[in-house]
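Asks: Each chain is listed here by its residues.
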Amino acid sequence: MTVAEPSPLYTAIEPYIPLGRSGLLPALHAAQKIYGWVPESAAAEIAKALRVPLADVHGVIEFYSLFYDMPTSKHVIRVCTDVACALKDADGILDRLCARHGLHPGQTTDDLSLTIEPSPCLGLCEHAPAVWETGSEQTTVIGEDGATFVSENRRPPSRVYGSVRILTANCGNGTTSLAKYGEYAGLKKAKAMTPEQVIAEVKASGLVGRGGAAFPTGVKWEGAAKAEGSPKYVICNADESEPGTFKDRVLMLDDPHRVIEGMCIAAYAIGAAKGYIYIRGEYPYIVPVLENALNEARGAGYLGNDFDIEIRVGAGAYICGEETALFESIEGKRGFPRIKPPFPTTHGVFGKPTVINNVETLCTVPMIIAQGAAEYRKLGTEKSPGSKLFCVSGDVERTGVYEVPFGVTLRELLEMAGGVKDGKQLQAVLFGGAAGAFATSEHLDVKLTFEDLRAAGLPLGSGVVMVFDETRDMRRVLKSLGHFFAHESCGKCYPCQMGTQRQKEILDRIAEGKVLADDFARLQDVGWTMTDASLCGLGQTAASAVLSAMKLWPGLFVEGQTSKVERQ
Amino acid sequence: MTVTFTMDGKEITVEDGQTLLEAARENGIDIPTICWHEATTANGLCRMCVVEVEGWRTLQPACVVQAGAGMKVQTRSEKVVRARKTILEMLASTMDLSDAPDILTMMDEYGADASRFPDAVRRVSEVKDDNPMYIRDYSKCLLCWRCVQVCADDAQYTYAINFEGRGYETQIGTFFDKPIPETTCVLCGQCVGVCPTGALKPKRQYLLEQGVSPEEISVLNTGRKKRKNV
Numbered sequence: 001m002t003v004a005e006p007s008p009l010y011t012a013i014e015p016y017i018p019l020g021r022s023g024l025l026p027a028l029h030a031a032q033k034i035y036g037w038v039p040e041s042a043a044a045e046i047a048k049a050l051r052v053p054l055a056d057v058h059g060v061i062e063f064y065s066l067f068y069d070m071p072t073s074k075h076v077i078r079v080c081t082d083v084a085c086a087l088k089d090a091d092g093i094l095d096r097l098c099a100r101h102g103l104h105p106g107q108t109t110d111d112l113s114l115t116i117e118p119s120p121c122l123g124l125c126e127h128a129p130a131v132w133e134t135g136s137e138q139t140t141v142i143g144e145d146g147a148t149f150v151s152e153n154r155r156p157p158s159r160v161y162g163s164v165r166i167l168t169a170n171c172g173n174g175t176t177s178l179a180k181y182g183e184y185a186g187l188k189k190a191k192a193m194t195p196e197q198v199i200a201e202v203k204a205s206g207l208v209g210r211g212g213a214a215f216p217t218g219v220k221w222e223g224a225a226k227a228e229g230s231p232k233y234v235i236c237n238a239d240e241s242e243p244g245t246f247k248d249r250v251l252m253l254d255d256p257h258r259v260i261e262g263m264c265i266a267a268y269a270i271g272a273a274k275g276y277i278y279i280r281g282e283y284p285y286i287v288p289v290l291e292n293a294l295n296e297a298r299g300a301g302y303l304g305n306d307f308d309i310e311i312r313v314g315a316g317a318y319i320c321g322e323e324t325a326l327f328e329s330i331e332g333k334r335g336f337p338r339i340k341p342p343f344p345t346t347h348g349v350f351g352k353p354t355v356i357n358n359v360e361t362l363c364t365v366p367m368i369i370a371q372g373a374a375e376y377r378k379l380g381t382e383k384s385p386g387s388k389l390f391c392v393s394g395d396v397e398r399t400g401v402y403e404v405p406f407g408v409t410l411r412e413l414l415e416m417a418g419g420v421k422d423g424k425q426l427q428a429v430l431f432g433g434a435a436g437a438f439a440t441s442e443h444l445d446v447k448l449t450f451e452d453l454r455a456a457g458l459p460l461g462s463g464v465v466m467v468f469d470e471t472r473d474m475r476r477v478l479k480s481l482g483h484f485f486a487h488e489s490c491g492k493c494y495p496c497q498m499g500t501q502r503q504k505e506i507l508d509r510i511a512e513g514k515v516l517a518d519d520f521a522r523l524q525d526v527g528w529t530m531t532d533a534s535l536c537g538l539g540q541t542a543a544s545a546v547l548s549a550m551k552l553w554p555g556l557f558v559e560g561q562t563s564k565v566e567r568q
Numbered sequence: 569m570t571v572t573f574t575m576d577g578k579e580i581t582v583e584d585g586q587t588l589l590e591a592a593r594e595n596g597i598d599i600p601t602i603c604w605h606e607a608t609t610a611n612g613l614c615r616m617c618v619v620e621v622e623g624w625r626t627l628q629p630a631c632v633v634q635a636g637a638g639m640k641v642q643t644r645s646e647k648v649v650r651a652r653k654t655i656l657e658m659l660a661s662t663m664d665l666s667d668a669p670d671i672l673t674m675m676d677e678y679g680a681d682a683s684r685f686p687d688a689v690r691r692v693s694e695v696k697d698d699n700p701m702y703i704r705d706y707s708k709c710l711l712c713w714r715c716v717q718v719c720a721d722d723a724q725y726t727y728a729i730n731f732e733g734r735g736y737e738t739q740i741g742t743f744f745d746k747p748i749p750e751t752t753c754v755l756c757g758q759c760v761g762v763c764p765t766g767a768l769k770p771k772r773q774y775l776l777e778q779g780v781s782p783e784e785i786s787v788l789n790t791g792r793k794k795r796k797n798v
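Line by line, the protein sequences are chains A and B.
Okay, so the first sequence: first residue is 1 according to our numbering, each after it adds one.
Okay, so the second sequence: first residue is 569 according to our numbering, each after it adds one.
Please keep in mind that the hints were generated in silico from the structure rather than gathered at the bench.
Where is the CB? At the ideal position from N, CA and C, for every residue including glycine.
Warning: the hint list may mix true and false statements.
[What the hints assert, rightly or not] When the alpha-carbon atoms are kept at most 20 Å apart in a straight line, the in silico SDA-like pairs for lysine to any residue are as follows:
hint : chain 1 : residue 1 : chain 2 : residue 2
1    : A       : Lys340    : B       : Ala610
2    : B       : Lys653    : A       : Gln540
3    : B       : Lys746    : A       : Pro71
4    : B       : Lys653    : A       : Asp518
5    : A       : Lys378    : A       : Ala204
[Stated by the list, open to error] Facing chain B, from chain A, some residues (calculated, C-beta under 8 Å):
hint : residue
6    : Glu40
7    : Leu54
8    : Ala55
9    : Gly59
10   : Phe63
11   : Arg334
12   : Ile339
13   : Gly491
14   : Lys492
15   : Tyr494
16   : Gln497
17   : Arg502
18   : Val526
19   : Asp532
20   : Gln540
[Unchecked claim] Pairwise CB distance ranges (calculated):
hint : chain 1 : residue 1 : chain 2 : residue 2 : range
21   : A       : Ser441    : B       : Glu594    : 49 to 59 Å
22   : B       : Glu594    : A       : Glu196    : 41 to 51 Å
23   : B       : Val695    : A       : Ser113    : 30 to 40 Å
24   : A       : Phe350    : B       : Glu594    : 34 to 44 Å
25   : A       : Ser113    : B       : Glu784    : 49 to 59 Å
Please model the entire structure based on the sequences and the hints provided.
Replies: Here it is in structure tokens:
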């Protein structure tokens with residue numbers, strides 16, 4: 001009797017079988033690597049191996065944009081069509097690419113040799129227009145209209161500037177090895193302290209989360225440290241998907257040990273045995289960099305004894321940057337956000353106490369412990385200590401990541417970036433990302449701190465500063481934001497599920513100059529309903545930029561009005 | 569243990585752990601709900617039951633938020649009414665509410681305009697008539713999740729249905745869109761029982777509504793067809 005060889009799929013998913021349902025996303029990624037998509041038979045084999053109901057497996061494939069249950073090529077070209085890239089003719093690039101290959105956007109050739117798709121923000125805004133190509137040894141499209149191409153093996157260059165270089169000390173010159181990074185001095189010092197002392201130091205530093213919500217990091221750690229239940233988890237939220245945000249990409253690519261050290265310190269502080277780095281699927285070129293750094297850290301004894309870290313790769317869902325949706329995704333489910341409370345510190349991933357921090361937040365921790373909170377507080381302001389990374393993109397001379405102390409003004413930041421491109425006048429700045437708000441030249445002297453921005457009604461968010469010059473038609477920018485949120489709403493709660501769609505429809509009309517009477521009131525009711533009544537942060541901020549634009553430029557939303565650009 | 573708080577200015581005392589919705593219903597205060605059902609886990613997703621709690625940034629779903637000592641709750645504030653009315657108007661522009669009398673009554677109560685959103689893309693799909701027990705008309709589905717929940721851990725543990733798509737394009741579906749007889753469905757009928765909008769309907773009721781006479785239905789003998797083994 002001969003034993004049948006295991007199928008290539010079984011061999012590929014075998015490492016994930018012990019994970020059960022939590023292995024579903026890794027297994028689906030493995031299947032797609034073989035087939036380019038997930039055929040029914042493969043989905044059934046995965047369901048059986050991981051003991052997940054068939055309908056649930058299908059539900060997960062359907063949720064994530066980067067999983068396909070229809071024949072799709074292994075060779076996919078994705079053209080970013082979100083805000084920063086749209087300013088640089090992304091739609092034209094997509095159209096020309098499609099025309100050249102005889103495809104419509106989203107279509108696959110009959111022989112499955114190529115798929116071309118539009119994509120939400122790829123986190124490459126400083127390199128706009130950006131294109132991501134997968135599954136091709138040799139690029140077929142390099143040099144298309146000056147677009148920046150990335151692939152598994154082709155990483156984007158880093159553009160790092162600023163008036164201080166603390167967090168970004170190792171950024172801008174390729175990946176920093178452990179030998180160059182040096183010993184984990186912060187971790188070493190932390191281990192000479194008690195966990196309580198570490199948490200007290202982080203609290204004293206005044207560090208707040210850099211992902212957008214600005215929650216005090218030390219308070220979060222303290223909550224998880226005191227929570228009942230084990231094991232406890234530390235998660236690095238590297239699902240950087242807020243349009244206009246790309247700082248975490250640069251930090252992870254150029255200085256992976258800083259974030260790993262930050263996670264080690266957090267784990268020691270709360271008593272966690274396991275960590276995850278949940279990185280968005282659109283950053284495949286960072287995964288081997290992190291894997292290598294994790295291996296270096298294991299070799300040096302920082303990992304692998306009482307704490308270790310696993311990388312999880314997302315699959316195209318902005319909502320998974322929301323912490324509870326991210327937990328669901330790690331657990332192998334659709335990325336639906338959970339109702340809070342309970343909060344992650346007591347009921348996080350797998351229902352266990354969890355600390356989840358943004359990449360930049362974790363990168364700040366080693367320095368705070370190594371040098372002390374007092375030293376950290378020497379930079380910045382009383383209420384916003386330290387430095388901050390800003391993602392400057394759009395119509396400026398020098399786009400890139402800028403590290404500055406809290407307290408510089410918007411004007412100073414824009415001057416560092418060489419001012420508005422081609423000597424044009426500033427029309428607007430989108431602050432905080434798609435979920436942010438617009439500023440104008442009136443806000444140039446606002447200090448970039450949590451307190452000053454809050455007073456000016458602007459969110460710091462994830463540090464997005466996207467610049468629009470005087471010639472830009474803001475209605476097109478808003479249209480692009482509307483499409484983003486409609487595409488990314490998870491569909492769980494009614495205000496966001498339907499509101500993002502209605503908002504998109506109205507913004508489409510406005511961009512086409514086909515405004516209906518009462519569209520202003522409709523847009524406002526939809527916007528406030530999403531803001532007030534949505535279940536999670538996505539819906540609560542899906543109208544934020546639109547509502548701010550309605551205040552600044554009410555004329556854009558009224559019948560019979562034309563934009564400033566059209567009048568010229 | 570009890571907690572005392574105020575709702576619409578009225579002082580209310582309830583058992584610790586009770587939700588605002590339970591507290592309201594015990595005290596004759598009407599809070600509308602769509603997705604909530606006594607037999608399913610509350611998910612707080614329709615947001616019709618949202619209320620304003622003093623000091624809280626956003627409106628809170630009464631079906632899951634527990635009463636807390638000293639809470640000041642408004643169940644009909646301006647914000648609450650705007651949210652409920654807009655949600656109803658968006659529903660009316662999205663789906664076929666003709667078999668959802670409770671929601672039509674809510675629309676009257678809140679003065680919601682069914683044609684508030686002209687040119688809205690509606691969710692339309694063909695009636696799925698693929699088994700002898702029930703039909704699925706997802707043009708009438710408002711995604712309350714009840715059917716998925718009773719098919720899974722809230723009742724039957726069958727896991728025959730789940731979600732397709734995402735966001736506005738979400739729909740309830742089977743594994744690779746298989747007809748019901750080819751799924752794990754055991755035709756228990758619990759999903760039909762909890763559907764609030766007629767999206768899931770007994771096959772016989774559907775046929776009668778289509779004008780098929782009881783005699784013709786008997787000839788069709790749909791009720792006794794054996795489920796195909798897969």
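Asks: Report holds or violated for the interface hint on Glu40/A, using the least CB-CB distance to chain B and a cut-off of 8 Å.
Replies: Given a least distance of 5 Å, the restraint on Glu40/A holds.
Asks: Between Ser441/A and Glu594/B, does the beta-carbon spacing fit 49 to 59 Å?
Replies: Distance hint for Ser441/A, Glu594/B holds at roughly 56 Å.
Asks: When the nearest CB of chain B is found for Gln540/A, is that gap smaller than 8 Å?
Replies: holds (6 Å)
Asks: Min Cβ distance, Gly59/A to chain B: is it shorter than 8 Å?
Replies: Gly59/A check passes; min Cβ-Cβ to chain B is 3 Å, inside 8 Å.
Asks: Does Ala55/A pass the interface hint, meaning its C-beta sits closer than 8 Å to a C-beta of chain B?
Replies: holds (4 Å)
Asks: Is it true that the CA of Lys653/B sits at most 20 Å from the CA of Asp518/A?
Replies: The given pair, whose Cα atoms are some 16 Å apart, holds under the 20 Å limit.
Asks: Range first: 49 to 59 Å. Now tell me if the beta carbons of Ser113/A and Glu784/B are that far apart.
Replies: Distance hint for Ser113/A, Glu784/B holds at roughly 52 Å.
Asks: Was the hint right that Leu54/A lines chain B, CB cutoff 8 Å?
Replies: holds (4 Å)
Asks: Does the structure keep Lys653/B and Gln540/A at a Cα separation of 20 Å or less?
Replies: holds (17 Å)
Asks: Could you say whether the range 41 to 51 Å given as a hint is met by the Cβ separation of Glu594/B and Glu196/A?
Replies: Cβ of Glu594/B to Cβ of Glu196/A: about 44 Å, so the range 41 to 51 Å holds.
Asks: When the nearest CB of chain B is found for Gln497/A, is that gap smaller than 8 Å?
Replies: Because about 6 Å separates Gln497/A from the closest Cβ in chain B, which is inside the 8 Å limit, the hint holds.
Asks: Just tell me: holds or violated, for the beta carbon distance of Val695/B and Ser113/A against 30 to 40 Å?
Replies: Between Val695/B and Ser113/A, where Cβ atoms are some 38 Å apart, the hint holds.
The structure is consistent with each of the numbered hints, conforming to all of them.
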